[in-house]
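Sequence lines, in order, name chains A and B.
Its first residue numbered 1, the first sequence is counted upward by one per residue in my numbering.
Its first residue numbered 1, the second sequence is counted upward by one per residue in my numbering.
I should point out that these hints are in silico values taken from the structure, not numbers from a laboratory.
Where is the CB? At the ideal position from N, CA and C, for every residue including glycine.
Take every hint as true, because none was put in to throw you off.
The calculated EDC-like cross-link candidates involving lysine to aspartate or glutamate, where the alpha carbons are at most 16 angstroms apart (straight line), are: (1) Lys156/A x Glu184/A; (2) Lys251/A x Glu47/B; (3) Lys251/A x Glu42/B; (4) Lys287/A x Asp127/A; (5) Lys25/B x Glu354/A; (6) Lys167/B x Glu323/A; (7) Lys90/B x Glu50/A; (8) Lys2/B x Asp442/B; (9) Lys389/B x Glu369/B; (10) Lys25/B x Asp58/B; (11) Lys478/B x Asp288/A; (12) Lys434/B x Glu16/A.
Listed next, the stretches of chain B that the computed footprint assigns to chain A, with coverage defined by at least 3 CB atoms under 8 angstroms from CB atoms of chain A: (13) 124 to 138; (14) 180 to 194; (15) 357 to 369.
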Amino acid sequence: MRYLPQTETDIREMLETIAVDDIEALFSAIPAEVRLQRPLRLPEAMAESELLSELKRLAAANADPDRYLSFLGGGAYNHFIPAVVDQLISRSEFYTAYTPYQPEISQGTLQAIFEYQTLICQLTGMDVANASLYDGASACAEAVLMAVRAARQRRKVLLSGALHPEYRETVRTYCQYLEIELVEVPFGADGITDRERLTELLDAETAAVVVGYPNFFGVVEPLADFAAVAQAAGARLVAAVAEPLALGLFKSPGELGADIVAGEGQSFGIPVSFGGPYLGFFAARDKDVRSMPGRLIGETVDRDGKRGFVLTLATREQHIRREKATSNICSNEGLCALTATVYLALLGKQGLREVAQQNYAKSAYAKEQIAALPNCSLPFAAPTFNEFVVETDAPAAVVLQRLAGERILAGIDLHRYYPQLANRLLVCVTEQNSRAQIDTLVAALAGGAA
Amino acid sequence: MKGIGTSGLILNEKLLFEHSAAGRKGYSLAQLDVPESTPPQELVRDEIPGFPELSEVDVVRHFTRLSTWNYGVDSGFYPLGSCTMKYNPKVNETAARLPGLAQLHPATPQSLAQGALELMHGLQGALAEISGFAALTLQPAAGSHGELTGMLMIRAWHEAQGRPRTKVLIPDTAHGTNPASAAMCGYEVVPIAGTGGVLSAARVAALMDEDVAALMVTNPNTLGLFEAEIREICAVVHARGGLVYCDGANLNALMGIARPADMGIDVMHFNLHKTFATPHGGGGPGSGPVGVTAALEPFLPKPVVVRDADNYRLDDDRPQSIGRMRSCYGNFGIMLRAYAYIREMGGAGLKRASELAVLNANYIRARLEGTFDLPYQGRSLHEVVFSDKNLANDCHTLDLAKRLIDYGYHPPTIYFPLVVHGAIMIEPTETESKEVIDAFCDAMLAIAAEAQDNPALLHAAPVRTKVQRLDETGAARKPKLKWTG
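Isolated chain A (complex conformation) (with noise of 0.2 angstroms):
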């Protein structure tokens, strides 16, 4: 086995040196009654041809991405990846490396994160933000511990009910045994947040109110508001972001007054790949510092006077706190930050601005189209960034099973998470659809009115 370098004659030096007859004396410490005294039930060993071809036929059995219009976004989303993400993220140096434990040789990881806390920073218009979470639920489900953890003696929790649904089931699984209340606040006839029930429900015992910015129907919350009612009532507001290049072009959730922003952070460079890896991000005012989860990355000086990086605020981890810690996390998504921070530094100022704004312009396109088809409607009239939902006149699995069958990914079926919108679905349209493919997806969309 080309992984196994050890030949006969080093084995047999090695166990001279340990002084054992062989390599089963090693395990004497495993009683006999716990050995397993077969081998295991495992396919036989491949040859990286094999391999190959394995995973070739395996991939086969799934759409190909060259046949099939993609319309699916609903928290990933397909952006173009530039070349130049893939052969830098693939240096070695970087993806074999651990988490930068011993600073010296961990610089590059260490700067790298750094820039990455900045640019978080920059797009939400936060104070601090940390290395990495698991994904935008993960960093959602962590927000309201925060907030909960930041509040001292208030336990109860506001979600939108336009919060991405596995957003908010991660919330509630987090949530489940810690004596925590989670209320769900409506969405109004326009898809955004119901104002007067979130207002309503809103008490003295309310720590967080969490709204999607842009929430799960793509509509862009007016997040200035719901910032000051909650802050009124001594609540932080968090704004989870489930499409990041949103704030390329909208007001941040910082300047709108959101106190913690967490969020998903695929879209900058990193594949859809059936949904992870991916990078939760999460930024905080400073006043929090402290009650963040999750590694922080902060600039120092060397004994020469040279700048470098370490990992510090380690007192708030696991490793230190133990039960006390403010997250159990450990392993963070270390390299998906390093992608997002590549894909960032590729688009710059300009780039950034440009691919959103084709991402709006675009979508605004499809709305308009679909909306024109007497079977169609738009149901929600908010502004929305580059997803938003259609009504049909037919359940939307059927449409949705109809247009798999002429190779069109149309959208999500917004069934599954929400029973009583039976005819509707989430399209997503960025700047990877051609105005070719729009009108496509606009006449496959029409042909259902037959």
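With the hints as your guide, set chain B onto chain A.
Same frame as chain A, but now just chain B:
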């Protein structure tokens, strides 16, 4: 001095933000082919001050230079204890980039994602065979996420029995994530001390009562020792209605040798980024699947990948599930690398990997134990833990670690486990040759001699790196966590 460390040509590189020139960009975008459209002006943000403006060449040089300041498994020996820094096969990286896998959207209809679901189902089956568990979830994104998943399932099981219980027993050798994960399930943590580095069933029995929900063990533990009384320990816990959780960080010692479920363990997480050769990525992404006994299967997070006659699907209809741990189905890109590794090794290859990992650790122990203090004498499995007691002239573990860097090695895990004063925790893995290990041992012995003869070399180390020892106290006292211009 011998060793492979030299000071190569190291180029300086500023921060991204310090490179910017107005108007530069590293991105090309197709011409907009639909009418221009902009959102209402009051929603639009201003230009982001300080956001980078760089050419493609700037970006490529920037990150290439940064990469040269890093040390990875591909650079050299990386004996970081409990982290299992084995070689990461390159073919797995190629496989992960196949368009049919990398570009598969998670909301693709399941009938058009059968290859991905088959792969996940196959990985579940392989991990079940290796561990002996009845059922698995692949959803957790990392080891500690797996711990949280497993402990939530334990709590849900107790709730279903009508008695949630309040406490969890955790040995003093445990990773910090164990108590942190237990606390996130609302449990009080009760530490339990070992005897000679391992747990005794009698000690567990003395602490075990009807308020204890679970015992969390690591086996082999973080001293590299097998918990020989594990069967008796599990029996004691089960007799009082508790469950046993195993931190699977050290599974690399046991593949094909012994199975955690056969020891009586109820729940265990795997670290695909340790045992199954997926890259650590400078701190992730990992993947932390969790295996459970049949009794806990109803509580797995949803969805679960299942196989009907000739069709794979995601099962969401699981009323007793603890819920969802994250979006989608887990770190699929990591699962597929682990799956590729298992298929390439086969059952016999995995067993051989464990045997050679244990051989390598014992060989290091044999070469170093005459010079370095070995506080626990039990038979080592995949890793060995020394202390700095024998280092002369006020030289400590940290000094040894930094001096190893000058010799060209990544240091071992240091100051962990906490039960060993000045711990030096060495895990070589099976992918290192005798030559590499001999050279590392020579360096360790040379450094011990330097501590005797010229301790200044240790106190000054490292001297061949881009930066020398960094002021960590200053970094924490006055945190500077982003570039501010």
